[in-house]
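Chain order of the listed sequences is A and B.
So the first sequence is numbered by the working numbering: it starts at 1 and just counts up by one.
So the second sequence is numbered by the working numbering: it starts at 1 and just counts up by one.
These are calculated hints, taken from the structure and not from any lab test.
A couple of the hints might just be wrong.
Claimed, not checked - With the Cβ distance kept under 7 Å, some of the chain B side facing chain A (calculated, not the full set):
| # | residue |
| --- | --- |
| 1 | Gly-3 |
| 2 | Arg-11 |
| 3 | Leu-81 |
| 4 | Ser-86 |
| 5 | Arg-87 |
| 6 | Thr-90 |
| 7 | Thr-95 |
| 8 | Pro-96 |
| 9 | Leu-97 |
| 10 | Leu-258 |
Beta carbons: idealized from backbone N, C-alpha and C, even for Gly.
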Amino acid sequence: MNSFVVKVSNLVKTFDTKKIIKNISFNVNENSVTGVLGKNGAGKTTLLGMLMGLISPSSGNIEILGKNLFFKKNEILKEINFQSPYIDLPKKMTVEQNLFFYSRLYGIKKFKDIINDLVKKLKMTDLMKKNYGSLSAGQKTKVNLCKALINNPKLLLLDEPTASLDPETSIFIREFLLDYQKKNKSSILITSHNLEEIQSICSKIILLKLGKIASNGNLNELLKINNYSSLKDFFLGQG
Amino acid sequence: MFGRILALIIRYKTISFGSFPRLLSIFYWPSVQILFWGFFSNFLIENNTTPYIGVLSIILSAVVLWDVLFRGQLGLTMSFLEEIWSRNLTNLFITPLREYELVFSLIIISMLRTLIGLTPAIFVANFFFDFHLFELGFYLIFFFFNLIAIGWSIGFVVSGLVLRYGHSFEELAWAIIFILLPFSCVYYPLDSLPFIMQKIAQIFPPVYVFESMRKILIDNQVEFQQLYRIIILNFTYLLLSVLFFLKMISSSRKKGLLINQGE
Ligand SMILES: Nc1ncnc2c1ncn2[C@@H]1O[C@H](COP(=O)(O)OP(=O)(O)OP(=O)(O)O)[C@@H](O)[C@H]1O
Ligand SMILES: [Mg+2]
Numbered sequence: 001m002n003s004f005v006v007k008v009s010n011l012v013k014t015f016d017t018k019k020i021i022k023n024i025s026f027n028v029n030e031n032s033v034t035g036v037l038g039k040n041g042a043g044k045t046t047l048l049g050m051l052m053g054l055i056s057p058s059s060g061n062i063e064i065l066g067k068n069l070f071f072k073k074n075e076i077l078k079e080i081n082f083q084s085p086y087i088d089l090p091k092k093m094t095v096e097q098n099l100f101f102y103s104r105l106y107g108i109k110k111f112k113d114i115i116n117d118l119v120k121k122l123k124m125t126d127l128m129k130k131n132y133g134s135l136s137a138g139q140k141t142k143v144n145l146c147k148a149l150i151n152n153p154k155l156l157l158l159d160e161p162t163a164s165l166d167p168e169t170s171i172f173i174r175e176f177l178l179d180y181q182k183k184n185k186s187s188i189l190i191t192s193h194n195l196e197e198i199q200s201i202c203s204k205i206i207l208l209k210l211g212k213i214a215s216n217g218n219l220n221e222l223l224k225i226n227n228y229s230s231l232k233d234f235f236l237g238q239g
Numbered sequence: 001m002f003g004r005i006l007a008l009i010i011r012y013k014t015i016s017f018g019s020f021p022r023l024l025s026i027f028y029w030p031s032v033q034i035l036f037w038g039f040f041s042n043f044l045i046e047n048n049t050t051p052y053i054g055v056l057s058i059i060l061s062a063v064v065l066w067d068v069l070f071r072g073q074l075g076l077t078m079s080f081l082e083e084i085w086s087r088n089l090t091n092l093f094i095t096p097l098r099e100y101e102l103v104f105s106l107i108i109i110s111m112l113r114t115l116i117g118l119t120p121a122i123f124v125a126n127f128f129f130d131f132h133l134f135e136l137g138f139y140l141i142f143f144f145f146n147l148i149a150i151g152w153s154i155g156f157v158v159s160g161l162v163l164r165y166g167h168s169f170e171e172l173a174w175a176i177i178f179i180l181l182p183f184s185c186v187y188y189p190l191d192s193l194p195f196i197m198q199k200i201a202q203i204f205p206p207v208y209v210f211e212s213m214r215k216i217l218i219d220n221q222v223e224f225q226q227l228y229r230i231i232i233l234n235f236t237y238l239l240l241s242v243l244f245f246l247k248m249i250s251s252s253r254k255k256g257l258l259i260n261q262g263e
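Kindly produce the complete structure, drawing on both the sequences and the hints.
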């Protein structure tokens, strides 16, 4: 009990001479959905990038699933995954080829069954033989999400997963994610500018402001303490 | 480890050989070059412009061997640049793929592309000009591996530069070979170059390969010292270039270039 999937301490990132992440520390609970909020340029993507080892921190310490990211990166990467509409998959391969490719990279055994199952749940069977490059934004999101779930990650990082989706599809994706999280008892760390979305799926939030943590805690408690009726008011007041 | 290398090889195979235009670009050039140089050499021989009958064999060997270097470099660079162009680096680098596995995969796919691209060219040479590349015997294999290794060295440097410093270096993927060409003494001996150029040429390994090739074809002689020099130079350059490539990846991580690498 009470173990953390992410433990960040004194994390700093400086690009050139500009400090983007300013000495932040926080933990993310097991079996939870945590929203990372903040205005454009607050440092959300940079933070996620550091949690995946894509961006090296200037200083500080990151522990994921009880392991140190600096020393055990490859072990950790097997257990986590990431999705963002701003990151593509190879365009010149079909969806199926892409999913097979990533299954092999993650060392998944019997991946065809796993993919079949995911593809059905995501209602994307008809996309399998299409070239990834020919898909619409919403279709790409589904495929990216499928790729992100292929290794059954214990920690799933999502960077604005529903940006550019129509309301119906975003609700579908949102519910799919919640369902997945509950069934697998994984943890999700999600950034979004859609505050309703965050309010509907996250139990915890971390609010970043100019690279510092402005608030961090249980969503409902934070709203209550500060006397806000919605996350939007909170965001406008504190963000 | 092998699973992940295999995954990458299947991927590069799919994109390299998956469509007709791409296939054509791999096969077409080497054969066209053979035809071009072959007919030209025949023309020289028939007009008695050259007193030396072996000229055909020298020129065609040079064409094929130079293409090994060229293809080796291009096969490696294009495979890696494909990841940048398709904005796939983020997804790739968050898998358990290790950097040395990427290095090996790029080397293997470059080798496959080169072999497959050159095979028709060798048949063309054989058919039209009765040219047998295998005259070089064992040394052909030696030259092949050393030239393709030079291609890899260049490929890793170019790939690293494009990753780290962006699209402006893409031109280099094509141009660098032509910068190296005059210094490589592919079609003429080293002493036909001006002194300064000779000195520059001697820093790089290709010149020794082509000098040795001519020595074998013309004088039927092998200079072993030259061969050792090729191996040592090549090994050093390949090692340095891989280290450079890895260094560029790590510096891209510091600069945040592996995520949101928008156009
Ligand atoms: N590779 C980089 N090099 C230099 N500066 C960077 C780099 N990446 C991000 N930044 C800067 O760091 C700051 C935070 O960027 P980041 O992308 O993390 O913000 P964000 O919170 O994800 O914003 P958004 O909501 O717009 O996605 C911005 O000022 C940005 O310009
Ligand atoms: Mg962002």
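How the hints compare with the structure:
Below 7 Å, beta-carbon pairs count as interface contacts, and Gly-3(B) has one with chain A at about 5 Å; its hint therefore holds. Because the beta carbon of Arg-11(B) sits about 5 Å from the nearest beta carbon in chain A, less than 7 Å, this interface hint is met. About 12 Å separates the beta-carbon of Leu-81(B) from the nearest beta-carbon of chain A, more than 7 Å, and the hint is not met. With a cut of 7 Å, the hint placing Ser-86(B) at the interface with chain A holds, because the nearest CB-to-CB distance is about 5 Å.
With its C-beta approaching chain A no nearer than about 4 Å, Arg-87(B) sits inside the 7 Å limit, and its interface hint holds. Satisfaction of the interface hint for Thr-90(B) is found here, the shortest Cβ-Cβ separation to chain A being roughly 4 Å, below the 7 Å cut-off. This hint holds: Thr-95(B) has a C-beta 4 Å from the nearest C-beta of chain A, less than the 7 Å allowed. Proximity of Pro-96(B) to chain A holds as hinted, the smallest CB-CB distance being about 5 Å (cut-off 7 Å).
Annotation: Leu-97(B) was flagged as interfacial toward chain A, and the flag holds, the nearest CB pair being 6 Å apart, inside 7 Å. At a threshold of 7 Å, the smallest CB-CB gap from Leu-258(B) to chain A is about 5 Å, leaving the interface hint in force.
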